[in-house]
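Dock chain P against the given chain H, drawing on the hints supplied.
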Amino acid sequence: MRFRFCGDLDCPDWVLAEMSTLARMSSVKMKLLCVQVIKDLLDEGIDYDKVSKLTSDAKFESGDIKASIAVLSFILSSAAKHDVDSDSLSSELQQLGLPKEHTTGLCKSYEDKHSALQEKLREISLRLGRLEAVNWRVDYTLSSSELKQVNEPTVQLKLQAQDPETDSTQTTVVTITADKFRVLLTVNR
Amino acid sequence: MLLVLSEEHNEHLGSFLVRIVGESGRIAVQFLKKGSNPKIYEGAARKLNVWSGSVQHGLEGLMYLLTESCKLTISEEDFQDSVLVLGFSEELTELLLQLYLENRKEIRQILSKPAPSLPHYHSLEWRLDVQLSSRPLRHQLKPTVTLKLHLEDGAGRSARVLQTDPATLQHLIDELERALAELKSSHCRRILRNIQ
Numbered sequence: 001m002r003f004r005f006c007g008d009l010d011c012p013d014w015v016l017a018e019m020s021t022l023a024r025m026s027s028v029k030m031k032l033l034c035v036q037v038i039k040d041l042l043d044e045g046i047d048y049d050k051v052s053k054l055t056s057d058a059k060f061e062s063g064d065i066k067a068s069i070a071v072l073s074f075i076l077s078s079a080a081k082h083d084v085d086s087d088s089l090s091s092e093l094q095q096l097g098l099p100k101e102h103t104t105g106l107c108k109s110y111e112d113k114h115s116a117l118q119e120k121l122r123e124i125s126l127r128l129g130r131l132e133a134v135n136w137r138v139d140y141t142l143s144s145s146e147l148k149q150v151n152e153p154t155v156q157l158k159l160q161a162q163d164p165e166t167d168s169t170q171t172t173v174v175t176i177t178a179d180k181f182r183v184l185l186t187v188n189r
Numbered sequence: 190m191l192l193v194l195s196e197e198h199n200e201h202l203g204s205f206l207v208r209i210v211g212e213s214g215r216i217a218v219q220f221l222k223k224g225s226n227p228k229i230y231e232g233a234a235r236k237l238n239v240w241s242g243s244v245q246h247g248l249e250g251l252m253y254l255l256t257e258s259c260k261l262t263i264s265e266e267d268f269q270d271s272v273l274v275l276g277f278s279e280e281l282t283e284l285l286l287q288l289y290l291e292n293r294k295e296i297r298q299i300l301s302k303p304a305p306s307l308p309h310y311h312s313l314e315w316r317l318d319v320q321l322s323s324r325p326l327r328h329q330l331k332p333t334v335t336l337k338l339h340l341e342d343g344a345g346r347s348a349r350v351l352q353t354d355p356a357t358l359q360h361l362i363d364e365l366e367r368a369l370a371e372l373k374s375s376h377c378r379r380i381l382r383n384i385q
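Line by line, the protein sequences give chains H and P. With my numbering applied, the first sequence covers 1 to 189. With my numbering applied, the second sequence covers 190 to 385.
Not one of these hints is a red herring.
Derived DSSO-like pairs: lysine-lysine, alpha-carbon spacing no greater than 27 Å straight-line:
hint, chain 1, residue 1, chain 2, residue 2
1, H, K31, H, K113
2, H, K120, H, K39
3, P, K337, H, K120
4, P, K331, H, K81
5, P, K260, P, K302
6, H, K66, P, K223
7, P, K337, H, K81
8, H, K66, P, K222
9, H, K66, P, K302
Don't read these hints as lab results, they were simulated from the structure.
Isolated chain H, as found in the complex (with noise of 0.2 Å):
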């Protein structure tokens, strides 16, 4: 059976499993449940507190508590990722055994924080190497050790880039004389 959600593919057998634990919940909890997960993707911090008190209704223990978040993790990401819209989404789950209460909850939130969902995701995408910072200087050469008269001008850059396997910030500093530098606007006009 292919879903949507699941990227054209098979769902996975401890999603499959785990709705049963899902429906364990009452549909209000679960709405409040899936706010608290989506705050988690978008790294706004989650509060335990409040899951383990919204879930001790249902009696859950912490192996139960761990896997409904996980599950509901993976549908909401799995969902944002592929641009799934949430009328499909609800007809998905529903196929998968969620009671329809539960799922038009979930498929509320997740309709709500579409957009900021996919945004985040952009975010964390793989980037080697941002550059985070220019800065750039004109100095003008008047004479040196070894000729009297240089007259030059030249261009100091200093570009700070993020290192893409230490991700820690890498300092460059290049001078340029005034033709080389023509050269490099020039070319990448």
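Chain P only, in chain H's frame:
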């Protein structure tokens, strides 16, 4: 197989353990899991009215006894015979045996960790790009896959950035699947059957 415990161990264990076996057993297991906490030595010494050094020696002796027994996974009878050498009462020996049996698996797990290891897999990020043109050549269509392999090495994390075209990636996948399939060959199965 019998454990050989030195004279010092006998002295330290004997004098201290007669007092509070259950409690010290629990503390010793806790120390094995999380590392020793010198404050506990001071607190216990004050309560028992002894020198804190003897508390420390006693607990360390108990930890040594447990780690050595777990290292060799000695049977109950051997454990009892080894402890008999120390000359404790029946009750004490019984308590030590219980302590050993209950925590055996956990301690074995803790002991298995510090073995020297290579950096191992933590996570993998990937990205699919298409190069449309570059400075020397316009109107291209070149797909590339960029991978960032996150590795974990006991203390720290490191990352490796790799780039490949889809054909090489497919070849890589085929090679790795061939490596996995090797596990199912009859030669490997025979060996696994004989070990288990």
